[in-house]
Amino acid sequence: MREIGEVLGVLGMILIGVSYIWSFIIGYRKSVGWLIGLLVVWVFFYPPLVFVNWEKTKNNFFVFLIGVVVTATSVFMLIATNPNKMA
Numbered sequence: 218m219r220e221i222g223e224v225l226g227v228l229g230m231i232l233i234g235v236s237y238i239w240s241f242i243i244g245y246r247k248s249v250g251w252l253i254g255l256l257v258v259w260v261f262f263y264p265p266l267v268f269v270n271w272e273k274t275k276n277n278f279f280v281f282l283i284g285v286v287v288t289a290t291s292v293f294m295l296i297a298t299n300p301n302k303m304a
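The sequence shown runs 218 to 304 under my numbering.
No wet-lab data here; the hints were simulated from the structure.
No false leads were slipped in.
For lysine to any residue, the following SDA-like pairs were computed, each having C-alpha atoms within a straight-line distance of at most 25 Å:
id : residue 1 : residue 2
1  : K273      : W259
2  : K302      : V286
3  : K275      : V285
4  : K275      : W239
5  : K247      : V235
6  : K275      : S248
7  : K302      : A289
8  : K302      : E223
9  : K275      : I233
10 : K275      : F241
11 : K275      : G254
12 : K302      : T288
13 : K275      : V227
14 : K275      : L225
Computed spacing ranges between beta-carbons, pair by pair:
id : residue 1 : residue 2 : range
15 : T290      : W239      : 18 to 28 Å
16 : F241      : T298      : 32 to 42 Å
17 : E272      : E220      : 31 to 41 Å
Remember, predicted model here, so these are calculated numbers, not experimental data.
Where is the CB? At the ideal position from N, CA and C, for every residue including glycine.
With the hints as constraints, model all of the structure from the sequences given.
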């Protein structure tokens, strides 16, 4: 079961990484200002980018969301199967 959690963790991080890079491409296609904002402070510029350009960013947002859910599931699986926990 622990191996499944590790694989899910890697998969989730790959999905988040792909979404992260994809958001820069979307920002660049909108304007250089969006790209610079995303490069400087992604956390603050990504939500408005998604909100303002929903039709172009919804697939990217869902890939990011799936990546977060898969990674969170992995974390819970790894915590539950921790061999060093005090029972």
